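Novice: Okay, here's what each chain looks like letter by letter:
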Amino acid sequence: MTGIDGFMYPNEVELQWSVLIVLYPFLTGLVAGAFILASLERVFQVQAVKPTYRLALLTALSFLLVSPLPLQLHLGHPERSYEMYLTPHRTSAMAMFGFVYLWYLMAVLVLEIWLDYRREIVLLAQSSAGWKRTMYRVLTLGSTNISERALAIDEKTGWLITVIGIPSAFLLHGYVGFIFGSVKANPWWSTPLMPVVFIFSAMVSGIALVMLLYMLMMWARRQTIDMECVDTVARYLFYTFLIDFSLEMLDLIHRIYEADDSFRSLDFMVHTKLYFSHIVVQIALGTVAPITLLALTQVVKMSAVLRKRTYVTAGCLTLLGIFAMRWNVVIGGQLFSKSFLGYTTYKMGLVTREGLLMATVLTVLPFAILWVLVKVLPPWPAKESHPLPSVTMAD
Amino acid sequence: MNITRRHLLLLLPAAGVAWKYILAGTPEAAPNYKLSEHWWGMLIDLPKCIGCGNCVRACQAENDVPDGYYRTWVERYHVSDYDIENPQVDSPDGGKSGFTPVKEAGGKNFFVPKLCNHCADSPCTQVCPVGATFVSPDGVVLVDKEYCLGCRYCVQACPYGCRFINPRTNTAEKCTLCYHRITKGLTTACCESCPTGARQLADLKNPADPIHEFLKTHSVHVLKPSMATHAKVFYNEMDGSVR
Amino acid sequence: MNVFKDAGHLFRLAGIFVAGLLLFLVIRHSVIPKSFGQYGHYRGSAISEVAVRPVKFSGHQSCEACHADVLDKKKDGKHAHVNCEACHGPLAMHADDPGSVKPGKLDTAILCARCHEANAAKPKWFPQVASAEHSSGLPCDTCHQPHNPAMGVSGAK
Chain A
1 MTGIDGFMYP NEVELQWSVL IVLYPFLTGL VAGAFILASL ERVFQVQAVK
51 PTYRLALLTA LSFLLVSPLP LQLHLGHPER SYEMYLTPHR TSAMAMFGFV
101 YLWYLMAVLV LEIWLDYRRE IVLLAQSSAG WKRTMYRVLT LGSTNISERA
151 LAIDEKTGWL ITVIGIPSAF LLHGYVGFIF GSVKANPWWS TPLMPVVFIF
201 SAMVSGIALV MLLYMLMMWA RRQTIDMECV DTVARYLFYT FLIDFSLEML
251 DLIHRIYEAD DSFRSLDFMV HTKLYFSHIV VQIALGTVAP ITLLALTQVV
301 KMSAVLRKRT YVTAGCLTLL GIFAMRWNVV IGGQLFSKSF LGYTTYKMGL
351 VTREGLLMAT VLTVLPFAIL WVLVKVLPPW PAKESHPLPS VTMAD
Chain B
1001 MNITRRHLLL LLPAAGVAWK YILAGTPEAA PNYKLSEHWW GMLIDLPKCI
1051 GCGNCVRACQ AENDVPDGYY RTWVERYHVS DYDIENPQVD SPDGGKSGFT
1101 PVKEAGGKNF FVPKLCNHCA DSPCTQVCPV GATFVSPDGV VLVDKEYCLG
1151 CRYCVQACPY GCRFINPRTN TAEKCTLCYH RITKGLTTAC CESCPTGARQ
1201 LADLKNPADP IHEFLKTHSV HVLKPSMATH AKVFYNEMDG SVR
Chain C
2001 MNVFKDAGHL FRLAGIFVAG LLLFLVIRHS VIPKSFGQYG HYRGSAISEV
2051 AVRPVKFSGH QSCEACHADV LDKKKDGKHA HVNCEACHGP LAMHADDPGS
2101 VKPGKLDTAI LCARCHEANA AKPKWFPQVA SAEHSSGLPC DTCHQPHNPA
2151 MGVSGAK
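Chains as they are written, first to last, in our numbering: chain A, 1 to 395; chain B, 1001 to 1243; chain C, 2001 to 2157.
No lab work stands behind these hints, which were simulated from the structure alone.
Since this is a predicted model, take the numbers as computed values, not measurements.
Note that CB positions come from ideal geometry on N, CA and C, so glycine has one too.
You can trust all of the hints, since none of them are fake.
What follows is a list of derived Cβ distance ranges for each label pair: (1) 2151(C) x 1206(B): 38 to 44 Å; (2) 1067(B) x 348(A): 18 to 24 Å; (3) 2011(C) x 129(A): 25 to 31 Å; (4) 192(A) x 1120(B): 21 to 27 Å; (5) 2136(C) x 1035(B): 54 to 60 Å; (6) 242(A) x 1047(B): 53 to 59 Å; (7) 361(A) x 1218(B): 54 to 60 Å; (8) 50(A) x 2039(C): 53 to 59 Å.
Required output: the full structure, derived from the provided sequences and hints.
Specialist: Below is the structure:
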């Protein structure tokens, strides 16, 4: 049979979970990571990253709105997905999805954004016209109270929500790690480290994304990038990446050392079928390279221009690497036979329901949504959105 | 479709009980069947398997299994000498058309039929997010194809590779132990068509079932015992190389 | 109190959440399948839905009801425990209405080889031959009567 090496159980030849299931943890990881970055300022008082606060929240929302789509497109019967709300099976990690998602969307993210923006929403409801006015008025939920006391209550409530939001963000992405990590039938997935690795790689990807988006938006609006902000974000990216890398190395070393019954088969797979995506893209380009670049910015004195370029390169490589990690977990876990005697091939469709085109559209869609959100709820104070032309140092 | 009953009077009593419900085209559930009186499993007597593939073909005919997917299949093992950790295994089209004749291959060669193990501690049931797959009160792991979302988590969770997604219904599917037959006093299609008796349906709750004596007097295994799935398909004289 | 005035928007929000929750519970109660939870976390009626499928293999007892003559021939031979439909295929429709469905004639050249073609993986005690050498391509029923295949049994050719 074409595409098979060795022996696979006859039903294993076709992969069950496609590139869309690779995309889902990538998208929710960005959500969790962006939120954690936002919480750095709100809860941990890291003032330097304040310029990215609102952008991080809007980014998280854009990606959260898109993340159920790959799941729906993948299901055999998407019209039955409401059953997860009706009869969630308490022993199934996947059954948590509906509730964790809804909780995080409504009780954490939307609430926090609304509370943070409420003053602007009320002001915009009063100052805009036509359909925009209607939209903002709906968003006020009928309340125009933006007195100091009201805003102080909002501030406290928002703080509380962020505090609840941090473990909620871990839960939103950690349960995805558990979905894989708890499958005893699959030795590539089954490890207690899986949820932890997922969470930390999510944080890495989310922080990198917000950093890149901030730099991109400032550049697009011809404004100066707050270097202290970006330097701080990059530093947190670096530290988180070190932890993530250590965890993944721990898993690898542990596997190699114990060399259990699955090891030979998995080792062979990593050296052959997964060589490019795992060794080259995930490890070399996606982890070692950005960590090295970020480390350089910490130990070597660099000009702002050079630091910015390094951050952009490191950020892009990071996102590539984290996507590759999701790919290697999901696709890699299905390329080898549970008999440990063979391998199959992933034949990704191009224009099919679960194909490359769909995956690309779903990756681009959150950015389109973010563009709309930035227009409706501008992340930066009004006076900054109409800057006077100014002479700035060469960026 | 017209059902004739003109042969009823000629029937032997034993056949008579099952006959009433064998109405191909207008199926009925047997009303005398009590869920709590049965605990189903299967016995596979490996020294008797000749790899003819009758079971695979019969299952496909009985259950409308689509081509390329297998509710049951047969594997052929070749173990050379003492290296039992590296057998050579093949299963061409699941063994549906038998196996190409090999006169003398050296080493040790044998067939292993596989199917859903109807685990009492079924991992596929554990992971189903909505309760579309379940262990019935009489010990058969079934799929509710009106409720299944087709998320494929159960397929991932099965250590034995016995589940698949039916491309026609887009729902999970697997061996049902011919539930529609065993609840009517018939045996499974695979057991019915096995020429050597290598496959035998077993009702573990029935004290008269020959499996109890068999389990006492033979060396019996289950697949992947380390998975602790409490599998109910028992293999007689299974070699250590079997995956 | 002043708090209620300044936190009015939060109470409104909470009200929306509670209303949503109640709506969800009402919808859930009406939409959830009636037999769900009857035996466990699944639709109880699924069990009978699986049980009510058409049967394709009749089972050897129903064949023997009409074809007792074949049973007589078979019961003393090597194929005594080979069920009828193992070779003749699923015939519940024929057993139900013998006139409407006539079982096809079997091609022994293909059929017998499935079990009896020599293969190193078959158990040594099992009768198997390399058909090319054994019968030089002649169909098996040239010399063997399938219902009682031993050579020399009455009825064998």
